[in-house]
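Enquirer: Residue numbers (my numbering), protein chains in the order written: chain A, 1 to 363; chain B, 1 to 363; chain C, 1 to 363; chain D, 1 to 363.
Some hints could be false.
Each pair may be met inside one copy or between any two copies, as identical chains are not told apart.
What the hints assert, rightly or not - Taking lysine to any residue and the SDA-like style, the derived pairs with C-alpha atoms no more than 20 Å apart in a straight line are:
1) K279 x K326
2) K53 x Y184
3) K326 x Y271
4) K20 x G73
Hints are computed from structural coordinates only; laboratory data are not their basis.
As the structure is a computational prediction, the values presented were derived from the model and not from experiment.
Protein chains: 4
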Amino acid sequence: MSSSWGQCVKMSIFGGSHTKAIGVNLDGLPAGEAIDFEEILLQMARRAPGQDKTATTRKEPDAPQVLCGLLEGVTTGAPLCAIIENTSQRSGDYENLRVLPRPGHADYTAWVKYGGHNDIRGGGHFSGRLTAPLVFAGAIARQMLRRRGIAVGAHVAAIAGVPDTPFDPVDPGRELLERLSREYFPVIDPAAKERMYEKVEAARLEADSVGGMVECAVTGLPVGAGNPMFDGAENLIASLVFGIPAVKGLEFGAGFGVSALRGSQNNDPMYRDENGHVKTRTNNAGGILGGITNGMPLVFRAAFKPTSSIGKEQDTVDLRTGGEGKLVVKGRHDPCIVPRAVPVVEAAACIAVLELLAQSGLL
Amino acid sequence: MSSSWGQCVKMSIFGGSHTKAIGVNLDGLPAGEAIDFEEILLQMARRAPGQDKTATTRKEPDAPQVLCGLLEGVTTGAPLCAIIENTSQRSGDYENLRVLPRPGHADYTAWVKYGGHNDIRGGGHFSGRLTAPLVFAGAIARQMLRRRGIAVGAHVAAIAGVPDTPFDPVDPGRELLERLSREYFPVIDPAAKERMYEKVEAARLEADSVGGMVECAVTGLPVGAGNPMFDGAENLIASLVFGIPAVKGLEFGAGFGVSALRGSQNNDPMYRDENGHVKTRTNNAGGILGGITNGMPLVFRAAFKPTSSIGKEQDTVDLRTGGEGKLVVKGRHDPCIVPRAVPVVEAAACIAVLELLAQSGLL
Amino acid sequence: MSSSWGQCVKMSIFGGSHTKAIGVNLDGLPAGEAIDFEEILLQMARRAPGQDKTATTRKEPDAPQVLCGLLEGVTTGAPLCAIIENTSQRSGDYENLRVLPRPGHADYTAWVKYGGHNDIRGGGHFSGRLTAPLVFAGAIARQMLRRRGIAVGAHVAAIAGVPDTPFDPVDPGRELLERLSREYFPVIDPAAKERMYEKVEAARLEADSVGGMVECAVTGLPVGAGNPMFDGAENLIASLVFGIPAVKGLEFGAGFGVSALRGSQNNDPMYRDENGHVKTRTNNAGGILGGITNGMPLVFRAAFKPTSSIGKEQDTVDLRTGGEGKLVVKGRHDPCIVPRAVPVVEAAACIAVLELLAQSGLL
Amino acid sequence: MSSSWGQCVKMSIFGGSHTKAIGVNLDGLPAGEAIDFEEILLQMARRAPGQDKTATTRKEPDAPQVLCGLLEGVTTGAPLCAIIENTSQRSGDYENLRVLPRPGHADYTAWVKYGGHNDIRGGGHFSGRLTAPLVFAGAIARQMLRRRGIAVGAHVAAIAGVPDTPFDPVDPGRELLERLSREYFPVIDPAAKERMYEKVEAARLEADSVGGMVECAVTGLPVGAGNPMFDGAENLIASLVFGIPAVKGLEFGAGFGVSALRGSQNNDPMYRDENGHVKTRTNNAGGILGGITNGMPLVFRAAFKPTSSIGKEQDTVDLRTGGEGKLVVKGRHDPCIVPRAVPVVEAAACIAVLELLAQSGLL
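Pulled out of the complex, with its shape left as it was, chain A reads as follows (with noise of 0.2 Å):
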């Protein structure tokens, strides 16, 4: 029980920081869709380190080779699983997170739970490394589900109190979420990135890292997909999205806002368009009733906590003499992990979504 998901679209996830390779199983997938590698390695991309000065300087080819599964570059219908080789390993920098956990990581809850046995090298099986298979597998499907019409994108919303211009719930836009998800550090206003850069080079200059936030919509979606009480679309988004790492918060719609909103307000008043498709003038339900989807745009946020590896000197407790330390976490960090995120909550999306379509007889 822990990095396997899904009841149509089954995907297991595998591998440690330091381990000889990561990758992804994904078992359940329709036969006959061509997969266009470039893309997936486009994505990968996307979340690789190194790309600017809020990323960690480590390097990783992050280089997938997919197994099994594909055929002349085409789904075979069966189980089809990548993997990464990890190649950029200091395993040095790690040894003293054994006896001094570091806070706000699992260090200490990997300890308790394994028995001691866990991998602490690069934070092993709980690495935000882990998201690589997540954009490789969230990849594929997306190739899938815009085949289908459907489109999916994020940005950052965020950083350390800085905000991004929110999508329109009503209208995202497809060409907008089309060109957000081809880009690194996707903003939809310019001028909040250049804020955001300037909190994120604050602190780390001074050893410390910065949390934000990222929006995701997607566009196209069927009416009726997902399911009421504990398979509704929202459950399903939530039971991925909080298995990437350092999201602490997820809402759909106006989210926590609708908690000041009277009904009248947040109710989203239904028409129809030109074409007699049954629409909503706001979109406060991001796109979800009950659980299922009503056609319009399906938005959420995830809230990411800042890098818990920090340079500065911060109070722990001391594994192996029972007693208490202080600890400077070396090794090579993320002052913001938020835009290497975003790539991997489309992934999530993605795949979600695609679990939501088979799971509803849709794909």
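Since chain A is already given, all that's left is putting chains B, C and D on it; use the hints.
Expert: Structure of chains B, C and D alone, referenced to chain A:
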């Protein structure tokens, strides 16, 4: 796929607002656990409507009948199924909803998904009434948790923008949790409650409704319960909480607030208490690191949208004519669902934690 | 973990021999399916005891009450739950079984697993009575299958070594299946039935019991339903059929007979019928190749052990004293369960096939 | 849905006969378990082809590479993934199978299910080669079981109608199980093996194949592992064993033999051994009552059909022309798969028992 949940403790919820009965089946409960039926009734009474002006005046006795799984009040280890007969039904109130779907409700999405065969009366399986069996299940789980030293309590954190005093995340206080978990409309600050009442009453008089927020805390958890990635504590709680009708947002610990913090602020400094136990000075993590409990209180908040069924006239579509229409929802509805949602959120927390412990071999 | 089953069509069975009620919840049924309640009652009557001397004289009305999931006799797409109240209970008969477990029964294993908290009355959750909700569920599934051209029927293939004529595996005959699937104690050769009766009566007079075998066929299946490896048609059927009490063996097509065959005998030669459809001359595969249906009749056989509860004195252990003991099982038991098991096996086949089609997008 | 299995210990198998690699991911293994890699290789060698004339002359090194999940030879608790690169591939041998499906094979059913997109080379994902990762997984599980006093062994119970001496079901003998579980083509009676060889050789010379049966025993199991109904020990084992290509039948304990027995013969008399432990004089139950282990040896038999790929000319259909055709399968195939199937059956038993213990909190 919809109303079944869990891997170790499997829960299936069934029924609709106007079906003969609603109920829940719990498969995989530990054997030999004495169940206090009075406490179950107390929890169900907290959720029952008609207790004050925030809620519908509809009266539902909500008397659960245990069909199996208990022998002389003790769990046998076999599935425990309980049903609640529906008695107070005014089916006539809902006839027009089959034609004019309510904005903000699942009427339209269910109509598409089920090809018009869904039970529209009272919202059918999408009714908030389905939270009654959830509260029943939670009351069972809560007793098993208490026996293991775990307390669960929640309060109305906000209504219509009026906040209650939040929990002290480092120590919510067992007595406070016990008190809250036995009250209807529980708050920490009584003065806040008065101001909330005013907001609800104002909305009610305008045939409108208001939303709010529930904050929940769990104390006494062991360290090491949970899993990385997709079966983490957050994912598990989210998979239940987003199954509660009207929830549009969920956050853990400092939640969305983390997006504006620095790592040095957000990381919870670790220390040892007088007994040598590992603790943290702050609790921005909400008791969860890497999907695994760290022994600190688990704290989360859920945002509830305002009740969708309001007496004000709303724009909708006409499913019969293919055109548009105007809707005035009749019947008895809650101007604010949040007070009644508190025991539901607690129930979800109890069940999620029971499953979490079972999955981790800690039950 | 125990009495919940299925990924697309989820079935939860609950109750015990002497609980207030037993029942079943079906989650994930297609919406809009008209259900003939008379046919459900007919199937349940086939399983009911007291019909002849092969069975216990206990009378159980077995009147299922649908709590939800049907609206005017049509599935709504929401969970369909039905319960059967237990009325004919002689609890006193079972008191000594808590101390002296019955050989061949789950009394001892359940006592260990549940720490003595299990409901021993009538076998509790291990009772053959739990097959009543299974038959109910099967009768629902059967009607959905019939609408799609699929017929399911079974017969008593053997009792106490006396064989019935087997199905023609290439063409069991739709009329024969329809006939068998409406009868109590269905056989193909009436003369075999007489000889079976003699064997059962001889055992009954000696306070003993006899075992037997049920053969089941499914015709009208589409090609391509099923999956490789662990979700194959055989696996799925096995996961249900081994859930029927007393089943100790299961074989498909030529079954154990394949172990003595050559490939040239066992491989079913392929040809095209007058309509160009792919068929096989023989059907040693039992309609399944690589876990996937090939369009030929699906044929399987299940072996049932003789009823464990017999009136003869047996050696057992004393769980109270830690010593040994002698047991004479009292109460009313079936000298042969096999005739009543036929509709249960058919029900398992119906549910398994419904799930198989749902998983394969063929429903 | 297909090649993923398990609730506590989740196994995903991937790859095809001619893909770059095949492999298995195990999620949910206990942490801190030392793994002897030599023993894994020994088990894989038992399954490898080319060892004698019963098997294909194809050589496959079957060298597994562990990608993650082990740290210095000890399980970390994170997913353990291993791959085996495919090296000996003669893809040209299979070209005509895309047009002329092999009788007795999944060629036709997969062609329909996957719309012709499946990988036909070497049977693709339906290849017996996929049992290599299963054996790898079983070798991991076996070491965990051995540490808990559990032994698993199997033998060729029959080939082409020639039987081996069966296990003593009451006491198969730990030494015998240990011996069998290290051998290629293990039998209890060496003379039987000679007669089996003759049958296989006779078939081979006629370009034909023969079937057989494998009997497996598990000793040292605790009492109380398993569940009633659908997650019983039989169901769990069946869900894996029917995933082994060519298995068409499965029976536990006295198996199909029970159908001719009386209850007084079949019920296993209970007694206490010198240590006061509950035992049975016979073991017709095969160690399982009500789906739960009773502490006696778990014994089951699986029937294997003769290898479908034979050199004799066979009738088939032409998928290109819509007509019929004749097929002579070329390539290197096993005249009898049964000797190589023994370690596969043991592996399935090891994994099923590990899951059974995990589900029952007995790991």
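Enquirer: Each hint: holds or not?
Expert: Quick rundown of the hints versus the structure:
1. K279 x K326: Between copies only: 15 Å across, 57 Å inside.
2. K53 x Y184: For K53 and Y184, only the intra-copy Cα distance (13 Å) is at most 20 Å; the inter-copy one is 52 Å.
3. K326 x Y271: between (61 Å within a copy, 10 Å between copies)
4. K20 x G73: Classified as between: cross-chain Cα gap 13 Å, same-chain 26 Å, threshold 20 Å.
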